[in-house]
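A.B. asks: Single-letter residue listing:
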Amino acid sequence: MRMHEGSITIHIAADVKEIERLNKLVRQFGELHEVPSRALYAVNLALDELVTNVVLYGFEDPTGKQVAIRIATKEGELIASVLDEGKPFDPLAVKTPDLNAPLEQRELGGLGIHLVRSLMDSVSYSRDADKNVLTVRKRIR
Amino acid sequence: MQIQEQKQADVMIVTIDDHLDTAAAPGFEQRLLGLIDGGERKVLVDCGPLEYVNSAGLKVFLLAAKKLETIGGQFIICSLAPSVLMIFEMIGFTRIMKILPSREEALREFGTTAPA
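Sequences listed follow chains A and B, in order.
Mapping of the first sequence onto this note's numbering: position 82 corresponds to residue 82, and the numbering continues sequentially without gaps.
So this note's numbering is basically just the index in the second sequence, starting at one, shifted up by 1000.
Hints listed in this document are in silico derivations from the structure and should not be mistaken for laboratory results.
Mixed in with the good hints there might be a few duds.
[As the list claims (entries may be wrong)] Cut-off 20 Å, straight-line C-alpha distance, at most; resulting in silico cross-link-like pairs (EDC-like, lysine to aspartate or glutamate):
#: 1; chain 1: B; residue 1: LYS1066; chain 2: A; residue 2: GLU104
#: 2; chain 1: B; residue 1: LYS1067; chain 2: B; residue 2: GLU1051
#: 3; chain 1: B; residue 1: LYS1067; chain 2: B; residue 2: GLU1104
#: 4; chain 1: A; residue 1: LYS65; chain 2: A; residue 2: ASP90
#: 5; chain 1: A; residue 1: LYS24; chain 2: B; residue 2: GLU1051
#: 6; chain 1: B; residue 1: LYS1098; chain 2: A; residue 2: ASP98
#: 7; chain 1: A; residue 1: LYS17; chain 2: B; residue 2: ASP1017
#: 8; chain 1: B; residue 1: LYS1066; chain 2: B; residue 2: GLU1109
#: 9; chain 1: A; residue 1: LYS17; chain 2: B; residue 2: GLU1029
#: 10; chain 1: B; residue 1: LYS1067; chain 2: A; residue 2: GLU107
#: 11; chain 1: B; residue 1: LYS1066; chain 2: A; residue 2: ASP98
#: 12; chain 1: B; residue 1: LYS1098; chain 2: A; residue 2: GLU107
#: 13; chain 1: A; residue 1: LYS131; chain 2: A; residue 2: ASP15
#: 14; chain 1: B; residue 1: LYS1059; chain 2: B; residue 2: GLU1104
#: 15; chain 1: B; residue 1: LYS1059; chain 2: A; residue 2: GLU104
#: 16; chain 1: A; residue 1: LYS131; chain 2: A; residue 2: GLU85
#: 17; chain 1: A; residue 1: LYS87; chain 2: A; residue 2: ASP121
#: 18; chain 1: A; residue 1: LYS87; chain 2: A; residue 2: ASP128
#: 19; chain 1: A; residue 1: LYS24; chain 2: B; residue 2: ASP1017
#: 20; chain 1: B; residue 1: LYS1059; chain 2: A; residue 2: GLU107
#: 21; chain 1: B; residue 1: LYS1059; chain 2: A; residue 2: ASP98
#: 22; chain 1: A; residue 1: LYS17; chain 2: B; residue 2: ASP1018
#: 23; chain 1: A; residue 1: LYS24; chain 2: B; residue 2: ASP1018
#: 24; chain 1: B; residue 1: LYS1066; chain 2: A; residue 2: GLU107
#: 25; chain 1: B; residue 1: LYS1098; chain 2: A; residue 2: GLU104
#: 26; chain 1: B; residue 1: LYS1067; chain 2: A; residue 2: GLU5
#: 27; chain 1: A; residue 1: LYS17; chain 2: B; residue 2: GLU1109
So that you can see chain B by itself, here it is in the shape it has in the complex (with noise of 0.2 Å):
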């Protein structure tokens, strides 16, 4: 799996791909972990190229959202393949995420638009 981060105005987006696997998740929880604890405050996850994910990346999924939740921040994740949305519904994140479908949504939720 890949991340990659970019800061578009003051939403620090998180691209991830593949396989967010037992493997991969503690790299993932340490970046995003990381972004918020350096003083990330909108935090966007951009699932796109993701096609897998299981308990143990749903759990960073979790721990981002709580984190976010207390400190005052805001956490939204957007574009899941079906395969994936299918996922977060089934653990019931659907109900206490924002989950939106695509990067321009959620950059407008964040009251940032995307430039032309």
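Okay, chain A solo, but in the shape it has when bound (with noise of 0.2 Å):
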């Protein structure tokens, strides 16, 4: 099975409660797009990770801001950015914890980051004019 080359880009209120609308939305591309399952549902988890990343730090107050996706099928891949005027952050920048840390000393921070890492294929950081632009790419085999 062959996926469909499409793209959407999708508008979200800087808000968590959006984050469940954002999924079913990419669920729906995914679908329509005929994108594997398991692809679809690793970039929608990193998208999750990325996109709380944005609302919950990017903003001195959130209250009507706005995030951008921009998702794409193309050759093989699953293409998606998330775009937002937040400050300028590179969360790629964050320290990886150290997964062979015993169970006392293993932090809180850098789990969301590393789950992108781990589920996609390539993640890249730019600022772009004033646009935090985090783009991810996973491969469909």
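Take the two lone chains, each set in its own frame, and fit them into one complex as the hints suggest.
C.D. replies: Here it is, written out as structure tokens:
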């Protein structure tokens, strides 16, 4: 089965309650374009983590602010970008948690971005004009 | 997400369903840590009906496991769906937490047998 090529841009309010709606829209896009369910699950979780980060930490005051999510299927890849006008922030600079640490030394930070890196084939950040652009790619085998 | 609590002998069984995400995590944290603060020392989280977890939810498991370890309690997680178990493995929790396939096996581990 091959994916159909296409793209969608979704705008959501900077609010964690919007993430469930985002996930539904991403699922619909995925089903319509015949994205394999495992890849869709992974991209949805990665987007959840990235958008949550932006909503919780990106703005002084998230009221009235928006986050854009762009998803495209192209040449055997699912590509998703999160764009926001929050403060410049590169989540890839966050320290990776030490997965070998014993329980009492395991830290609470960095879990989300570790998941994103593990679930995706590539993750990149750029500051484009006044926007943070975080792009993830998942190869479809 | 719904949270159900059920006491079986000295084990507090907490069952969660659906989505444990950023919106649901604070409520789950409050309930789970509240039970430990209230004196529960053997805590089992049954994730059978749980379909989705993100890092906000994972943090709650980590907090509870740390807390129970510090006070000499026991924390077990059971019945993870394959897609949820994959996330626990990815984040390294299968190395630091006791995760068992079924509620029966978890209760045996606590030394409590399920009623016939």
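A.B. asks: Against each hint, give a clear statement of whether it holds in the structure.
C.D. replies: Hint by hint, here is what the structure shows:
Annotation: proposed proximity of LYS1066 (chain B) to GLU104 (chain A) holds, straight-line Cα distance about 6 Å (limit 20 Å). A C-alpha spacing of about 25 Å is found between LYS1067 (chain B) and GLU1051 (chain B), which places the hinted pair above 20 Å, so the restraint is violated. Restraint check for LYS1067 (chain B) and GLU1104 (chain B): the C-alpha separation of about 24 Å exceeds 20 Å, so the hint is violated. Restraint check for LYS65 (chain A) and ASP90 (chain A): the C-alpha separation of about 19 Å stays at or below 20 Å, so the hint holds.
Of the pairs offered as hints, the one joining LYS24 (chain A) and GLU1051 (chain B) holds, with about 14 Å between alpha carbons and a cut-off of 20 Å not exceeded. Proximity of LYS1098 (chain B) to ASP98 (chain A) is assessed by CA-CA distance (about 19 Å); at most 20 Å being required, the pair is judged to hold. Pair hint LYS17 (chain A) plus ASP1017 (chain B) holds up; C-alpha atoms about 18 Å apart against a cutoff of 20 Å. Under the criterion of a C-alpha separation no larger than 20 Å, the hint pairing LYS1066 (chain B) with GLU1109 (chain B) is consistent with the structure, at around 19 Å.
The hinted pair formed by LYS17 (chain A) and GLU1029 (chain B) meets the criterion: a straight-line CA distance of about 18 Å does not exceed 20 Å. Between LYS1067 (chain B) and GLU107 (chain A) the CA atoms are separated by roughly 13 Å; this keeps the pair inside 20 Å, and the hint holds. This hinted pair checks out: LYS1066 (chain B) and ASP98 (chain A) have alpha carbons roughly 16 Å apart, not beyond 20 Å. Restraint check: the Cα-Cα separation between LYS1098 (chain B) and GLU107 (chain A) comes to about 18 Å, which is no more than 20 Å; the hinted pair holds.
Under the criterion of a C-alpha separation no larger than 20 Å, the hint pairing LYS131 (chain A) with ASP15 (chain A) is consistent with the structure, at around 18 Å. Between LYS1059 (chain B) and GLU1104 (chain B) the alpha-carbon distance is near 25 Å, which puts this suggested pair outside the 20 Å criterion. Restraint check: the Cα-Cα separation between LYS1059 (chain B) and GLU104 (chain A) comes to about 13 Å, which is no more than 20 Å; the hinted pair holds. Under the criterion of a C-alpha separation no larger than 20 Å, the hint pairing LYS131 (chain A) with GLU85 (chain A) is consistent with the structure, at around 5 Å.
Between LYS87 (chain A) and ASP121 (chain A) the alpha-carbon distance is near 26 Å, which puts this suggested pair outside the 20 Å criterion. Simply put, LYS87 (chain A) and ASP128 (chain A) have alpha-carbon atoms about 12 Å apart, close enough for the 20 Å limit, and the pair holds. Distance restraint check for LYS24 (chain A) and ASP1017 (chain B): the Cα-Cα separation of roughly 18 Å lies within the 20 Å cut-off, and the hinted pair is therefore satisfied. About 9 Å separates the Cα atoms of LYS1059 (chain B) and GLU107 (chain A), which keeps this hinted pair within 20 Å; it holds.
Taking the CA atoms of LYS1059 (chain B) and ASP98 (chain A), the gap is near 15 Å; set against the 20 Å cutoff, the hint holds. Of the pairs offered as hints, the one joining LYS17 (chain A) and ASP1018 (chain B) holds, with about 15 Å between alpha carbons and a cut-off of 20 Å not exceeded. Taken as a hint, the LYS24 (chain A) and ASP1018 (chain B) pair is honoured in the structure, with Cα atoms around 14 Å apart against an allowance of 20 Å. Simply put, LYS1066 (chain B) and GLU107 (chain A) have alpha-carbon atoms about 10 Å apart, close enough for the 20 Å limit, and the pair holds.
About 14 Å separates the Cα atoms of LYS1098 (chain B) and GLU104 (chain A), which keeps this hinted pair within 20 Å; it holds. Taking the CA atoms of LYS1067 (chain B) and GLU5 (chain A), the gap is about 48 Å. The hint is violated against a cut of 20 Å. Our distance criterion of 20 Å between C-alpha atoms is broken by LYS17 (chain A) and GLU1109 (chain B), whose separation comes to about 38 Å.
This entry does not satisfy hints 2, 3, 14, 17, 26, 27, going by the numbered hints stated previously.
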